[in-house]
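Number of protein chains: 2
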Amino acid sequence: MALSKNEIKFVQSLRLKKFRQKYDNFTAEGEKIAEEVLRQHRFQVERVYAVSEWLEKAALLTDRSDPSPALHEVSEAELGKISSLSTPNRVLLVLRSPQPAPVHALEPDEPALYLDDLQDPGNLGAVLRIADWFGIPTVFCSPDSVDVFNPKVVQASMGAFLRVQSAEIALEELIAVNPGTPVIGAVLDGENVFETVLPQNGIMIIGNESKGISAAARQQLTHRIAIPRHEDGGAESLNAAVATGILAAWWRRGG
Amino acid sequence: MALSKNEIKFVQSLRLKKFRQKYDNFTAEGEKIAEEVLRQHRFQVERVYAVSEWLEKAALLTDRSDPSPALHEVSEAELGKISSLSTPNRVLLVLRSPQPAPVHALEPDEPALYLDDLQDPGNLGAVLRIADWFGIPTVFCSPDSVDVFNPKVVQASMGAFLRVQSAEIALEELIAVNPGTPVIGAVLDGENVFETVLPQNGIMIIGNESKGISAAARQQLTHRIAIPRHEDGGAESLNAAVATGILAAWWRRGG
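Sequence lines, in order, name chains A and B. When the letters of the first sequence are read in order and numbered with our numbering, they come out as residues 4 to 258. When the letters of the second sequence are read in order and numbered with our numbering, they come out as residues 4 to 258.
Honestly, I wouldn't trust all of these hints.
One copy or any two copies: either way a pair holds, since identical chains are not told apart in the list.
[To be verified] Below are the DSBU-like pairs computed for lysine-lysine, each with C-alpha atoms no more than 35 angstroms apart in a straight line:
#, residue 1, residue 2
1, K60, K214
2, K8, K84
3, K60, K35
4, K20, K84
5, K35, K25
6, K155, K25
7, K155, K12
8, K214, K8
9, K60, K21
10, K8, K155
11, K35, K20
12, K155, K21
Everything labelled a hint here was simulated from the structure, so no lab data went into it.
Looking at chain A on its own, in the form it has when it is part of the complex:
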């Protein structure tokens, strides 16, 4: 059965945050991610658009789901119309957005990341993988950051969005419910991270790709660190996700 114009329009609309919020839906694509979503049952699957053999698999995997998803058999060509991927695809899921993680006090030994206006979806996807790899349960986002359910973020996260929680919150609010928690961030004149003793808990701030950590957030830092540039080095900066990986790897190396 061919896709109706309205269906195409609806799924395409979910590329924009505005419509993801309006409908409380987002998409996940690709065979590997789709299989993980369907097996894991963490997110409610509302619709499955897939080629026939994938549809059978989805039917088996969601057979006890309540409510069960609407299954739509489509050709690869039709899927191309609703897909955000640049490569051919065989399955696209429309999922119900989870309730945001409530504003909560961190556990005494809990680490968290806070994105201070991160903009690039590929970077956020890579940051979710970092959080997932280094056992950081929650990634908080400033209201102006790219959001976690952007289809490019979902894709770049390689399934990490299924395990890492996220919530949009202003930094002052997060700190207000976590008084006295360490706030760690990289600044130009910070201390060499490899020579710094960091607390195992606290909030690590990730700055914007071109501006770094905002002036307001810098004032909140209790631990000002830096990734030392080699004396032969020329670059002005590192990619934001790369810098996050270096800091998180050192912070969480003991666990």
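Dock chain B against chain A, hints included.
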């Protein structure tokens, strides 16, 4: 003066490796990168496509270049037709490709990166920034890797392509001219990198995004390392550029 169809077709063709090799040209875009290219004089600028005020700047900066570039005044709309950027742009340069770095024996204390079939242009751009930040002069690429002068790589490298040398070469050949040099790479059962003493020289191998380091390259490793996953972590892997950053930061932290 409007762009001719042939000019549009020529510049667009440089998005493909085949035509970059055929014409020995590549493009660099955006005001920040263009300014750095023009001031630095490392690459020969053959053509400048820019809005009028930018053209004046380019004329000043290339005033003593020999041969001087052809200057083309275009509107932002026309530039949009030849640009690879997704955002509005004011200047695009057509550069002469540099001669590849000759196959050379590394200096006794020289570090290098080797890309074993890296595919994503954004990752290679981030890897060039890592090399530039940590003072690694050369990034060697396997023949199947994405190439350094892909416009998306140039863009993501944020100017690092101006400082880091690159050359395409098979790994066996690189090792043949560097007998006995350490060959370092991350593998699943490698030793915790933070507990490993690494030599300051040698070749660090970066694997493919989904397959990691190839079986052939794994056999060449003299130092098998790993980035430890936290005991609470769930991810299967890290992004390739993020992993490279973590390993390079630890390798080159002393300089």
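Hint check:
{"no.": "1", "hint": "K60 x K214", "in the structure": "between (46 angstroms within a copy, 25 angstroms between copies)"}
{"no.": "2", "hint": "K8 x K84", "in the structure": "both (10 angstroms within a copy, 30 angstroms between copies)"}
{"no.": "3", "hint": "K60 x K35", "in the structure": "within (13 angstroms within a copy, 50 angstroms between copies)"}
{"no.": "4", "hint": "K20 x K84", "in the structure": "both (19 angstroms within a copy, 28 angstroms between copies)"}
{"no.": "5", "hint": "K35 x K25", "in the structure": "within (28 angstroms within a copy, 38 angstroms between copies)"}
{"no.": "6", "hint": "K155 x K25", "in the structure": "both (19 angstroms within a copy, 33 angstroms between copies)"}
{"no.": "7", "hint": "K155 x K12", "in the structure": "both (18 angstroms within a copy, 30 angstroms between copies)"}
{"no.": "8", "hint": "K214 x K8", "in the structure": "neither (41 angstroms within a copy, 39 angstroms between copies)"}
{"no.": "9", "hint": "K60 x K21", "in the structure": "within (32 angstroms within a copy, 40 angstroms between copies)"}
{"no.": "10", "hint": "K8 x K155", "in the structure": "both (23 angstroms within a copy, 33 angstroms between copies)"}
{"no.": "11", "hint": "K35 x K20", "in the structure": "both (24 angstroms within a copy, 30 angstroms between copies)"}
{"no.": "12", "hint": "K155 x K21", "in the structure": "both (15 angstroms within a copy, 28 angstroms between copies)"}
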